[in-house]
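First to last, the protein sequences are chains C and Z. The opening position of the first sequence corresponds to residue 3 in the numbering used here, with each subsequent residue numbered one higher. The opening position of the second sequence corresponds to residue 5 in the numbering used here, with each subsequent residue numbered one higher.
Simulated from the structure, these hints should not be mistaken for laboratory data. Just so we're clear, the structure is a prediction, and the values are computed from it rather than from any experiment. Beta carbons: idealized from backbone N, C-alpha and C, even for Gly. Among the clues, some could well be false.
Stated by the list, open to error - Sample of chain C residues facing chain Z (criterion: CB under 8 Å; computed from the structure):
hint, residue
1, Ile11
2, Gly55
3, Thr56
4, Glu262
5, Phe264
6, Ala284
7, Asn287
8, Ala752
9, Ile754
Said to hold, decoys possible - Far from chain C, some chain Z residues (derived; all Cβ distances over 12 Å):
hint, residue
10, Phe17
11, Gly30
12, Asp77
13, Gly101
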Amino acid sequence: MDVSQYLEIFIDEAKEHLENLNTQIMNLEQDGENMDTINEIFRAAHSLKGMSGTMGFKRMQTLTHDMENVFSKVRDGNIKVDSDMVDVLFQCLDALEAYVAIIQETADEGDNDNANLIKALNDILNSEGAGQEDSEEGASAQKPDGETNITGEGGDGKANANSGADSNAGQNNSAKDQANADAGSSAPDKHKWKQIKIGNVERSAIEDAEKEELHAYGISIYVQESCLLKAARAFLVFRAIEELGEVILSVPSVQDIEDERFDRDFSVIILTDQPLEKVVDAVKNVSEIEDAVGGKVVFENPSEVSKAGDASNTGASSGDSKAGAGAASGADGANAKAQSGAGKTAAVGKTGQGAGKPEGKKAMGKPVVNRTVRVDIEKLDSLMNLVSELIISKNSLVSVAETEIGGGSLAFNEQIEYLESVTTSLHESVMKVRMVPIESVVTKFPRMIRDLSKKLDKKMELYMTGEDTELDRTVVDEIGDPLMHLLRNSADHGLESAEVRAKRGKPEVGSIFLDAYQDGNNVIIEVRDDGNGIDVEAVKAKAIEKGKITEEQAEAMSEKEAIDLLFQPSFSTAKQVSDVSGRGVGLDVVKSKIESLSGEVEVRTKLGEGSTFTIRLPLTLAIIQTLMVIVGGEKYAISLGSIQTIESIPVEDVKTVQGREVIYLRGNVIPLVRLTKELEVESMNAPDADLLVLIAKKGDRFAGIVVDELIGQMEIVIKNMGKFIGKSRLISGATILGNGEVALILDANALIQ
Amino acid sequence: MGKGILIVDDAAFMRMVIRGILEKNGYEVIGEAKDGKEAVALFCDLKPALVLLDITMPEMDGIEALKKMIAEDADAKIIMCSALGQSSMVIEAIQAGAKDYIVKPFQPDRVLEAVKKVMK
Chain C
3 MDVSQYLEIF IDEAKEHLEN LNTQIMNLEQ DGENMDTINE IFRAAHSLKG MSGTMGFKRM
63 QTLTHDMENV FSKVRDGNIK VDSDMVDVLF QCLDALEAYV AIIQETADEG DNDNANLIKA
123 LNDILNSEGA GQEDSEEGAS AQKPDGETNI TGEGGDGKAN ANSGADSNAG QNNSAKDQAN
183 ADAGSSAPDK HKWKQIKIGN VERSAIEDAE KEELHAYGIS IYVQESCLLK AARAFLVFRA
243 IEELGEVILS VPSVQDIEDE RFDRDFSVII LTDQPLEKVV DAVKNVSEIE DAVGGKVVFE
303 NPSEVSKAGD ASNTGASSGD SKAGAGAASG ADGANAKAQS GAGKTAAVGK TGQGAGKPEG
363 KKAMGKPVVN RTVRVDIEKL DSLMNLVSEL IISKNSLVSV AETEIGGGSL AFNEQIEYLE
423 SVTTSLHESV MKVRMVPIES VVTKFPRMIR DLSKKLDKKM ELYMTGEDTE LDRTVVDEIG
483 DPLMHLLRNS ADHGLESAEV RAKRGKPEVG SIFLDAYQDG NNVIIEVRDD GNGIDVEAVK
543 AKAIEKGKIT EEQAEAMSEK EAIDLLFQPS FSTAKQVSDV SGRGVGLDVV KSKIESLSGE
603 VEVRTKLGEG STFTIRLPLT LAIIQTLMVI VGGEKYAISL GSIQTIESIP VEDVKTVQGR
663 EVIYLRGNVI PLVRLTKELE VESMNAPDAD LLVLIAKKGD RFAGIVVDEL IGQMEIVIKN
723 MGKFIGKSRL ISGATILGNG EVALILDANA LIQ
Chain Z
5 MGKGILIVDD AAFMRMVIRG ILEKNGYEVI GEAKDGKEAV ALFCDLKPAL VLLDITMPEM
65 DGIEALKKMI AEDADAKIIM CSALGQSSMV IEAIQAGAKD YIVKPFQPDR VLEAVKKVMK
């Protein structure tokens with residue numbers, strides 16, 4: 003089967019399952035008895051096994067199979083969950099993730115067998131004291147009793163129809179010779195039913211039945227070599243036969259067949275009022291049956307046995323019905339099994355499920371089929387691009403309307419307005435489609451903190467809120483690493499050792515918080531800890547030691563500026579380079595990553611009490627609301643998100659403090675940034691004209707951006723600058739305006755110093 | 005009895021694989037459900053000619069769903085989708101009225117044989 007077409011969904015879904023497993027195993031460690039959790043884990047492992055098997059990923063299948071076995075034992079209560087086991091399970095998840103990663107790259111699972119993990123899993127399986135047999139076998143152990151009972155009741159106690167052949171051998175009549183005649187046509191060796199020893203009870207049952215116009219047939223059934231779960235297959239055959247007649251004997255015994263203790267064939271003796279062909283056809287119509295052959299059972303010598311049969315007529319007939327019931331009760335047997343041994347799983351599983359998930363959770367009304375559609379992100383990108391083009395084209399229509407027609411036609415303007423609202427809604431819808439909850443990224447963090455806690459030997463707990471906060475897919479994909487870094491930072495540098503915490507009167511277990519929420523057009527993600535906070539003096543000392551600043555500079559530095567040092571390349575205050583953080587890849591990487599997503603990071607800290615890292619990200623990257631301005635005769639766009647107010651300031655209100663121009667506005671001293679100076683262009687305004695100042699805010703810092711002229715608000719499509727133009731600090735991209743003109747997008751954040 | 009086939013599996017991947025096998029061979033898939041509850045509701049709604057029913061699922065497992073479907077329609081044609089090692093569950097399902105079973109990982113020929121024989 004060509005499975006390559008399913009590769010993508012395989013990878014997607016496998017990742018979902020792995021994430022789920024991660025979360026659930028975390029839960030399992032907290033509460034090793036929770037049946038909901040255990041069932042969920044079992045299901046996820048089971049699904050993964052089936053999926054990887056279908057794709058032909060044998061190694062992955064083997065590993066998930068062994069994991070499933072462990073969970074199954076846990077579910078049956080045969081193994082208790084302990085920390086070591088959870089460790090192994092997590093390693094398995096890592097290994098599975100590695101498989102998926104390789105599959106994603108090469109469409110093949112690679113050749114790592116993970117033999118050590120397989121062994122570890124098997125050790126867990128065997129550790130439960132070998133006392134517990136495989137549940138299926140355990141169930142079968144109780145079965146023979148039941149069977150003896152059936153035959154015992156049926157007749158004379160000695161006749162164990164199936165396995166008691168030896169003791170009865172003398173009296174038994176072999177059907178073999180007699181049946182030769184009518185079996186002549188087909189290959190004789192196929193008619194294995196002829197070798198069935200028919201005991202007295204059955205014989206008299208058959209003879210009785212024949213008086214009532216019933217026929218006794220022997221049938222041998224061959225299942226296909228490829229057949230899986232042969233017991234179930236045989237069970238289907240029995241059911242097919244029993245719709246037409248009654249099975250009075252089978253070889254191997256019903257019990258053995260049920261336990262799959264047969265090779266590829268089994269034979270039965272049946273009583274029916276139907277013609278042989280019909281029965282054989284019914285058998286053949288069962289799937290995976292290679293062949294079925296049969297013939298009429300004939301006895302050569304209707305001798306004393308028959309008499310015995312007559313004598314115990316009533317007994318025998320009841321015996322025969324019992325025998326039939328015996329075969330049929332294979333079903334009941336299986337049922338009983340389900341209730342006891344192996345079935346414990348099913349039973350427990352159900353109760354657990356029933357108890358855990360309240361019925362009312364999902365109304366049983368009409369479910370909608372396929373509520374979700376998986377779409378390749380590239381398709382969404384191209385959709386977004388088209389929407390962008392549409393917006394550009396709408397913008398040019400607007401500008402045409404303003405100039406040539408000059409608002410002459412009312413209908414035209416109305417349509418333009420309508421178009422405007424449609425494109426805006428369209429943009430919003432497409433944007434929403436691209437939004438995914440950050441859940442997919444943050445679910446792996448509890449596990450990470452758990453690992454860190456062990457590695458660093460510090461007790462800590464991660465509390466998360468707002469996992470359902472949504473962000474553009476492209477942002478979510480990128481945000482994982484920076485967040486992971488901040489969390490590690492908190493765990494390693496932030497939280498103190500247990501002794502220090504005790505001395506400070508803090509709870510022994512350190513807390514790390516990850517909170518996400520939407521704030522206007524931004525999403526805020528905060529990583530907070532109740533640890534030591536940032537030691538500003540230590541940071542300064544380190545910076546001096548590294549030669550980044552001089553002692554004089556350090557003296558003059560504000561706390562904020564000192565903390566900003568942390569975000570400079572290769573700055574780490576960790577005295578020891580630990581395995582966890584402080585590898586020279588520092589907060590600067592976090593910062594540049596966040597900034598590449600058009601976001602920003604800021605830190606608040608209090609020595610001895612903890613730190614908060616706040617990440618602010620735009621909801622979407624492709625289309626933004628901007629303020630269009632003119633500086634030196636050129637048009638520029640500035641993201642509206644960063645602009646607080648627009649002020650007109652008389653030139654004489656501009657003061658100079660420490661060599662910098664500032665204005666005093668509503669109690670704040672705000673440094674001025676003259677764009678003409680930054681962009682190195684000439685202002686078109688008279689030097690004594692009032693200044694047009696955009697008050698921009700970044701965190702709790704302000705800047706007054708001086709522009710020449712305002713055009714107005716505009717929704718623009720961000721285009722990147724292309725490879726040929728080097729990275730400019732001030733320019734974050736460009737956009738195409740309605741009239742085809744290109745305007746640069748100014749990064750207000752870069753202007754705030 | 006309606007037309008078409010209802011596919012029930014908690015893994016979208018599996019549903020897609022089965023759908024692929026069936027549609028490539030001219031069968032019509034009229035619905036998909038991802039757990040037992042959804043499956044039973046869709047079964048009552050769509051009256052499919054055939055149901056391919058996974059055993060291990062959240063909300064309501066395949067066995068329970070099967071029993072509900074059989075209670076709704078004693079002649080319901082249902083094929084269980086199982087994994088190796090679920091022998092006793094498959095037998096339980098057959099007792100409860102499942103017409104056949106297929107084993108994961110699916111062999112297309114096997115799936116088609118089962119579907120063909122059961123729909124006959």
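Status of each hint after checking the structure:
1. Nearest Cβ of chain Z to the Cβ of Ile11 (chain C): about 5 Å, under the 8 Å cut. The hint holds.
2. The interface hint given for Gly55 (chain C) is met, as the beta carbon of that residue sits about 4 Å from the closest beta carbon of chain Z, less than 8 Å.
3. A cut of 8 Å between beta carbons decides the hint on Thr56 (chain C): the least distance to chain Z is about 4 Å, and the hint holds.
4. Because the closest C-beta pair between Glu262 (chain C) and chain Z is about 7 Å apart, less than 8 Å, the hint holds.
5. The beta carbon of Phe264 (chain C) comes no nearer than 13 Å to any beta carbon in chain Z, farther than 8 Å, and the hint placing it at the interface is violated.
6. The criterion of a C-beta within 8 Å of any C-beta in chain Z is not met by Ala284 (chain C), whose closest approach is roughly 11 Å, and the hint is violated.
7. The closest approach between the C-beta of Asn287 (chain C) and any C-beta of chain Z is roughly 6 Å, which is under the 8 Å cut-off, so the hint is satisfied.
8. Here the hint on Ala752 (chain C) is broken, as its CB sits about 44 Å from the closest CB of chain Z, past 8 Å.
9. Here the hint on Ile754 (chain C) is broken, as its CB sits about 47 Å from the closest CB of chain Z, past 8 Å.
10. For Phe17 (chain Z), the condition that its CB be more than 12 Å from all CB atoms of chain C is violated, with the nearest at approximately 5 Å.
11. The Cβ of Gly30 (chain Z) sits about 17 Å from the closest Cβ of chain C, beyond the 12 Å cut-off, so the non-interface label holds.
12. Against the 12 Å criterion, Asp77 (chain Z) stays outside the reach of chain C, whose nearest CB is about 17 Å from its own CB.
13. Gly101 (chain Z), annotated as away from the interface, has a beta carbon of chain C within 12 Å; the closest lies near 10 Å.
When the structure is compared with the earlier hints, violations turn up for hints 5, 6, 8, 9, 10 and 13 and for no others.
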